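Chains A and B are the protein sequences, given in the same order. Position 327 of the first sequence, counting from 1, maps to 327 under my numbering, and the rest follow consecutively. Position 52 of the second sequence, counting from 1, maps to 52 under my numbering, and the rest follow consecutively.
Just to be clear, a hint being listed does not mean it is correct.
Any copy, or any two copies together, can satisfy a pair, since identical chains are not distinguished.
What the hints assert, rightly or not - Calculated lysine-lysine pairs in the DSSO-like style (CA-CA distance at most 30 Å, straight line): (1) K319 x K41; (2) K323 x K275; (3) K319 x K172; (4) K275 x K74; (5) K319 x K179; (6) K319 x K74; (7) K323 x K105; (8) K105 x K319; (9) K74 x K6; (10) K323 x K172; (11) K275 x K105; (12) K173 x K41; (13) K6 x K105; (14) K275 x K319; (15) K173 x K323; (16) K74 x K323; (17) K6 x K319; (18) K6 x K323; (19) K323 x K41; (20) K173 x K74; (21) K173 x K319; (22) K323 x K179.
Keep in mind that the hints were calculated from the coordinates and are not lab data. Since the structure is predicted, the reported quantities are computational estimates derived from the model, not experimental observations.
Chain by chain, the residues run as shown.
2 protein chains.
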Amino acid sequence: MSLQFKIEARSGAARRGRLLTPHGEVETPVFMPVGTLASVKGVSQDILEDLGVQILLGNTYHLYLRPGVAQVRKLGGLHRFMSWPRAILSDSGGFQVFSLNELRKVTEEGVTFRSHLDGSSHFFSPESAMDIQIGLGADIIMAFDECTEYPADQTRMRASMELTLRWAERSKKYFEAHKHEVPWATNHLGTAALGRPGERELAVNAGGGARETQTQALFGIVQGGMDTALRRESAERTIEIDFPGYAVGGLSVGEPRARTREVVESTVAHLPVDKPRYLMGVGTPEEIVEYARMGIDMMDCVLPTRAARHGLLFTSEGKVSIKQARYAGDEGPLDPNCGCRVCARYSRAYLRHLYASNEVLAQVLNTVHNLSFYLDTMRAVRHSI
Amino acid sequence: MSLQFKIEARSGAARRGRLLTPHGEVETPVFMPVGTLASVKGVSQDILEDLGVQILLGNTYHLYLRPGVAQVRKLGGLHRFMSWPRAILSDSGGFQVFSLNELRKVTEEGVTFRSHLDGSSHFFSPESAMDIQIGLGADIIMAFDECTEYPADQTRMRASMELTLRWAERSKKYFEAHKHEVPWATNHLGTAALGRPGERELAVNAGGGARETQTQALFGIVQGGMDTALRRESAERTIEIDFPGYAVGGLSVGEPRARTREVVESTVAHLPVDKPRYLMGVGTPEEIVEYARMGIDMMDCVLPTRAARHGLLFTSEGKVSIKQARYAGDEGPLDPNCGCRVCARYSRAYLRHLYASNEVLAQVLNTVHNLSFYLDTMRAVRHSI
């Protein structure tokens with residue numbers, strides 16, 4: 001078994017469960033911090049562990065460009081490369097190709113795009129996206145899909161959905177034929193022998209050689225634009241292909257939030273109850289609670305980390321824009337109801353000073369707090385189910 | 001007593017000792033990391049504590065501009081503002097005025113200069129530099145001096161030295177009249193009542209009200225350019241003014257290193273054996289060892305932190321420029337003989353990737369390692385005495 005999902009409690013549509021991955025257990029519903037380039041910007045791995053992060057997201061598009069999949073594979077895969085012994089999920093690269101490349105060219109075969117770094121030309125297909133994700137070695141990887149733009153007309157939404165379905169078949173076919181090429185197995189003993197802390201945990205997680213029999217898990221992605229009938233069809237036909245988990249993609253692309261909710265709710269109704277459901281790229285603290293209540297098990301978003309870099313902090317008393325002069329003399333903690341290491345030690349006045357002075361520590365502390373707030377939010381949701 | 005210095009062992013000219021400050025003990029010889037704007041760039045205070053940092057340096061010039069002394073005073077002083085319960089030393093601002101301001105104007109009264117941030121005009125005198133440093137509330141503060149430029153002729157070196165001596169008298173006079181205005185005492189109870197971790201330690205250090213009787217310690221600064229006879233005269237006349245510690249300033253300003261060593265060695269010979277000696281603004285790992293062997297007790301330098309930001313790392317095997325492609329596939333730790341949290345967990349390949357990808361974590365981890373290397377270096381020096 002490459003992935004097990006156990007549901008332990010239900011409350012309305014919501015479920016509390018556990019995802020067992022080759023690199024440890026993940027309590028769901030879960031928020032996954034984004035570690036684009038094998039790093040959650042500014043936060044070291046030991047702090048992520050202290051925060052209770054059980055699964056990180058890595059971006060295939062970015063890691064393919066830097067440091068490159070051959071390098072990561074040679075170094076034993078992402079877990080070992082970044083010294084992160086817990087679970088990782090990688091996206092397929094499709095969304096970044098869609099959002100970072102205005103000159104991309106989509107054909108039946110795949111997508112040609114230019115690197116945002118140097119303009120060089122590259123090509124992703126379902127097969128190459130699988131090959132890259134197997135080389136990176138995340139525990140959960142995603143089928144290669146087309147993220148339908150918003151707005152799109154009915155013809156375009158259907159054509160895009162059909163393409164994603166054909167790519168899902170090809171993704172699965174390639175994955176099944178190559179899944180044993182994941183870098184973990186061959187590096188298992190070497191890894192343990194080095195004896196660095198993260199690696200010791202890797203070896204423990206492997207459970208005495210059990211690792212060799214494990215592979216990654218490939219999730220399918222439901223598309224269909226903003227049309228609930230197409231979403232239903234996409235869900236049903238993706239389920240026919242058969243995946244151990246299903247993602248809802250193509251949302252948070254510019255549509256009104258009410259529409260997002262509507263599409264999520266109607267799509268979830270057509271997903272299997274016993275498989276994990278992953279809503280990609282959402283959302284605010286209020287939204288992730290709402291989606292968990294709808295029966296979503298996994299979410300990721302750059303919002304907490306990106307907002308932190310802009311001095312926008314989430315607290316139990318609402319959003320705080322720490323750059324404001326009103327905080328310059330504020331001796332209170334950022335969030336009086338937060339137990340994170342930032343709120344426990346520093347004042348708003350100090351955080352405001354760091355931000356106003358462009359100190360790097362501002363980004364570090366702000367990110368730690370925002371992630372802590374998101375993880376606490378999901379912890380509270382789990383406890384309430 | 002505002003400061004006690006106990007020498008516990010000697011070896012040649014070198015001494016091992018303890019500096020007792022109002023905010024804890026400092027083992028000497030000590031290297032003091034630079035926390036320019038109330039932050040060691042990228043490194044949180046708990047990591048500095050873990051590294052064993054017992055004393056930090058803050059820059060009066062920078063803190064005067066941001067967040068301003070009135071703000072820091074209102075917030076209880078630097079220790080409380082930045083949640084750093086251990087010792088702090090502040091410089092006088094003189095060196096930054098000298099190094100960051102080409103249009104400064106020096107008169108008998110003081111220095112008029114323009115802010116490097118917005119070009120606004122400001123004035124520092126011995127009196128205002130004391131007033132600012134009392135407001136910031138560092139445990140050890142420095143007399144306002146003129147850092148003589150290099151090269152300078154005999155007439156200029158003497159005139160500059162004489163000015164520094166007159167300013168030392170004025171610094172001491174103002175300090176003695178105002179030293180009880182340090183923000184600790186009035187904020188002592190309020191601080192303890194808030195109960196944040198750093199502040200609890202502050203209260204413990206205060207030792208049940210003993211704090212109220214303590215003040216800062218003002219050090220004198222020896223100048224005299226590169227002339228050893230002038231240095232001797234500067235030392236003798238500064239000692240006549242009588243300070244609890246003496247700094248050697250005006251070095252590392254462009255002169256050859258052999259000259260620096262010569263001036264340090266000859267100056268140290270004229271400083272009291274029972275008072276701490278602080279060599280300002282040096283040096284490489286090899287140099288700080290050498291100066292400690294000459295009988296220097298305290299040093300500070302931006303080198304370990306600044307070099308880290310440029311990917312230049314100090315190791316037991318020499319300097320490593322982590323940006324080099326040769327490290328892209330290097331699975332070994334940065335320094336196999338280093339026990340710091342960076343070397344214990346991450347590979348050179350990962351550190352190289354972070355640096356090459358402009359990840360903020362590169363700066364964080366590089367700085368932690370370089371500081372650890374400097375602190376370990378001084379720890380080894382102390383053990384060898």
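Hint by hint, here is what the structure shows:
1. For the homomeric pair K319 and K41, the shortest alpha-carbon distances inside one copy (21 Å) and between copies (26 Å) are both at most 30 Å.
2. For the identical chains of this complex, K323 and K275 are neighbours neither inside a copy (43 Å) nor across copies (44 Å), given an alpha-carbon limit of 30 Å.
3. In this assembly of identical chains, the alpha carbons of K319 and K172 never lie at most 30 Å apart, being 42 Å within a copy and 48 Å across copies at closest.
4. For a Cα distance limit of 30 Å, the shortest separation of K275 from K74 qualifies neither inside one copy, at 33 Å, nor across copies, at 57 Å.
5. Taking CA atoms no more than 30 Å apart as the test, K319 paired with K179 passes in neither setting, with 44 Å inside one copy and 42 Å between copies.
6. In this homomeric assembly, K319 and K74 come within 30 Å of each other (Cα to Cα) only across copies, at 26 Å, whereas the closest approach inside a single copy is 43 Å.
7. Taking the shortest alpha-carbon separations for K323 and K105, neither the intra-copy value of 41 Å nor the inter-copy value of 34 Å comes in at or below 30 Å.
8. Taking the shortest alpha-carbon separations for K105 and K319, neither the intra-copy value of 40 Å nor the inter-copy value of 46 Å comes in at or below 30 Å.
9. Taking the shortest alpha-carbon separations for K74 and K6, neither the intra-copy value of 34 Å nor the inter-copy value of 55 Å comes in at or below 30 Å.
10. Within a single copy, K323 and K172 get their C-alpha atoms no closer than 48 Å, and across copies no closer than 38 Å, so neither meets the 30 Å cut-off.
11. With identical chains, the CA atoms of K275 and K105 are never at most 30 Å apart, being 34 Å at best within one copy and 74 Å at best between copies.
12. With identical chains, the CA atoms of K173 and K41 are never at most 30 Å apart, being 35 Å at best within one copy and 49 Å at best between copies.
13. In the homo-oligomer, the alpha carbons of K6 and K105 never lie at most 30 Å apart, since the shortest distance is 41 Å inside one protomer and 74 Å across protomers.
14. With identical chains, the CA atoms of K275 and K319 are never at most 30 Å apart, being 34 Å at best within one copy and 52 Å at best between copies.
15. Within a single copy, K173 and K323 get their C-alpha atoms no closer than 51 Å, and across copies no closer than 39 Å, so neither meets the 30 Å cut-off.
16. In this homomeric assembly, K74 and K323 come within 30 Å of each other (Cα to Cα) only across copies, at 19 Å, whereas the closest approach inside a single copy is 43 Å.
17. Proximity of K6 to K319 under the C-alpha cut-off of 30 Å is found in neither arrangement, the shortest distances being 35 Å within a copy and 51 Å between copies.
18. Taking the shortest Cα distances, K6 and K323 never come within 30 Å of each other, neither inside one copy (44 Å) nor across copies (45 Å).
19. In the homo-oligomer, the alpha carbons of K323 and K41 lie at most 30 Å apart both inside one protomer (20 Å) and across protomers (18 Å), since each shortest distance falls under that limit.
20. In this assembly of identical chains, K173 and K74 lie within 30 Å of each other by CA distance solely inside one copy; the values are 24 Å within and 67 Å between copies.
21. Taking the shortest alpha-carbon separations for K173 and K319, neither the intra-copy value of 46 Å nor the inter-copy value of 49 Å comes in at or below 30 Å.
22. For a Cα distance limit of 30 Å, the shortest separation of K323 from K179 qualifies neither inside one copy, at 48 Å, nor across copies, at 33 Å.
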